[in-house]
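> This is what each chain is made of:
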Amino acid sequence: VNSAPPVTAAFVRAGVREKADAHTLEEGRKVFLNRCIACHALPDIRHYDSGRIPRIVGWMGPRANLNAEQHQALLKYLLTVKATAASE
Amino acid sequence: MPKITTILSLFLAALCAETALGGSRRFTYVYEVTTSPPGDIEFENWVTWKTHKPDDHAFDQVEFRHELEFGITEKFQMAVYVADWNYHHGMSAGESGFTLNGSAIELIYNFTNPVSDPIGLAAYQEFKAGYRFFESESKFLAQKNLGRFVVAYNATLEAEWEGEGLEEREGEFQQSLGLSYEINPHVLVGAEFVHEIAFPEWSETEPDKFFAGPNISVRRDKWWATLTALAQVTREGDEPDFQVRTIFGFSF
Chain A
1 VNSAPPVTAA
11 FVRAGVREKA
21 DAHTLEEGRK
31 VFLNRCIACH
41 ALPDIRHYDS
51 GRIPRIVGWM
61 GPRANLNAEQ
71 HQALLKYLLT
81 VKATAASE
Chain V
1001 MPKITTILSL
1011 FLAALCAETA
1021 LGGSRRFTYV
1031 YEVTTSPPGD
1041 IEFENWVTWK
1051 THKPDDHAFD
1061 QVEFRHELEF
1071 GITEKFQMAV
1081 YVADWNYHHG
1091 MSAGESGFTL
1101 NGSAIELIYN
1111 FTNPVSDPIG
1121 LAAYQEFKAG
1131 YRFFESESKF
1141 LAQKNLGRFV
1151 VAYNATLEAE
1161 WEGEGLEERE
1171 GEFQQSLGLS
1181 YEINPHVLVG
1191 AEFVHEIAFP
1201 EWSETEPDKF
1211 FAGPNISVRR
1221 DKWWATLTAL
1231 AQVTREGDEP
1241 DFQVRTIFGF
1251 SF
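Protein sequences, first through last, are from chains A and V. Numbered by the numbering used here, the letters in the first sequence go through residues 1 to 88 in order. Numbered by the numbering used here, the letters in the second sequence go through residues 1001 to 1252 in order.
Calculated from the structure, these hints are not laboratory results. Worth double-checking, as some hints may not be accurate.
Stated by the list, open to error - Among chain V residues calculated to face chain A with C-beta under 10 angstroms, some are:
1. Ser1036
2. Pro1037
3. Asn1113
4. Pro1114
5. Arg1148
6. Arg1219
7. Arg1235
Given the structure is predicted, the values throughout are model-derived calculations rather than measurements. Even glycine gets a Cβ: it sits at the ideal position worked out from N, Cα and C.
Excised from the complex, chain V in its bound form (with noise of 0.2 angstroms):
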């Protein structure tokens, strides 16, 4: 409860800073398809803290993610994940403790305009490499603007290799839709959904499991912050009941 307090307390004082106006992402598991504008860069640090697993009612996990982004054309960007790092404390986490899980590399290209095109399309692929982990994670991105409503879908193929000679495989398809409502151009509500199939070695199939809950965001001039609460719909034993990131954007 206390970290509750923390992020909502941060979230609250953003709230109340000075008013301009700022670029940034509405949701924080659904990608939009517009990108950064041409010479843009952006300081992305992500914030995940995932607690209570049906199986494990001490897991606690917080992810920490920096990313770098830059608008290289007018339908192109490129992120580097500088660093993906997390503390883990529970059965299922093994000792507790901080782990470092890699960096990555990530390309979004965009072919059509949400708003004046029937709909809006992107392409994503990011590389993510780590100590004996290797992953690779292909999304289609949709979207269309109807005056203030955002709606966004991605559909995400994750192939993951880990292990010494990175012989373990796992594959993973995700669906994640989001709803946003710009009440005035610094604030924005909405919900987002994410649903969620395992293909352990890529040869079983593990039980769906579907996550929802609502996000808002508040865009200032240099900076915009977005956080996202999600609960798990399904008791999938070793899934986290629920989970809450927040992504702190700062352009330069």
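Isolated chain A, as found in the complex (with noise of 0.2 angstroms):
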């Protein structure tokens, strides 16, 4: 669970920057917990290059069938993942 931390205020406040809201940020969650696993252990995101992120998502997102907005909410929790992390 520590790969995919919980939607608390202080990371809605951090997702501002990447424009998304807290249920944007709640679904991205979602996804991350409930279509990555199927494939693999989840990944810390902490540790990836921000660059790297859209490309993975990119790639793999069809794989576990994510619709546009699936696909853009993961990639807002994600990067908003990073940015907490980073910002830490």
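Both chains come to you apart, so use the hints to assemble them.
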């Protein structure tokens, strides 16, 4: 669960930089927890380069049958995870 | 021995193919609680080779299953076993030859998540029908993902009716446990353990049977393959001493 931090008030504030609201971040976390584990262990996104995250989501999203909304939500959630780690 | 060589060769060839990512099963005897994403359609082919019973050293049976799996909702998946059939040989298998066992429908509903909840839970129900044969199989599935480790447990109750008027009845309780470690997203290794107790006519209890062995799973872009080799730990005369199951899945 450390790889998928909950959407707290501080997390939502960090998400503003990614133009994400609380609902989008919750949806992104849900996608991360439910879809990604079908194929692999959840990676620790905090250690990933920000520029690499959209490429990975773009590559794996179709395999997980993500629609455009889920794709965006997941991407914003992961970028917010990265942003919160960078600001700590 | 040539059969093992062939299976291993196919598996190693698969390992060397293109690298990408795909969804798959970590185990072949144990079910996981996660379900296919909505809209996903997958074709799975099962091959199980059973050989050498303590009471029938010449016994050989190869079982085949062709399954179409559909992700219906975020938590519900359905599968159709288009055909289960086998080739058998040996004294205890009767005349050598092919047998069509029937077709089945399988439903899995996921209740909780194996990562974010204390334990992942799901329910499984299968109905199988064939010539003078009907079977109901209910499973309780539990799983916990701890980083790259996954532990999964299944408890299964199986009821079978056979014969002209389906008058022959048999029950079976099965438990299975799977342990898996993800070396990288493409290769996973682990072990599976199976415990079975049969209840002929629901009135007698046959001796316990235990099987255990290692497994390996490979995932690629549109396909995956998992192989488990089980040895009988007990010495029940009518059970195979050795069995190998491979499931090859392809996503459309």
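> Look at each hint and say if it fits the structure.
So, going through the hints one by one against the coordinates:
no.: 1; hint: Ser1036; verdict: holds, 7 angstroms
no.: 2; hint: Pro1037; verdict: holds, 4 angstroms
no.: 3; hint: Asn1113; verdict: holds, 6 angstroms
no.: 4; hint: Pro1114; verdict: holds, 7 angstroms
no.: 5; hint: Arg1148; verdict: holds, 5 angstroms
no.: 6; hint: Arg1219; verdict: holds, 6 angstroms
no.: 7; hint: Arg1235; verdict: violated, 38 angstroms
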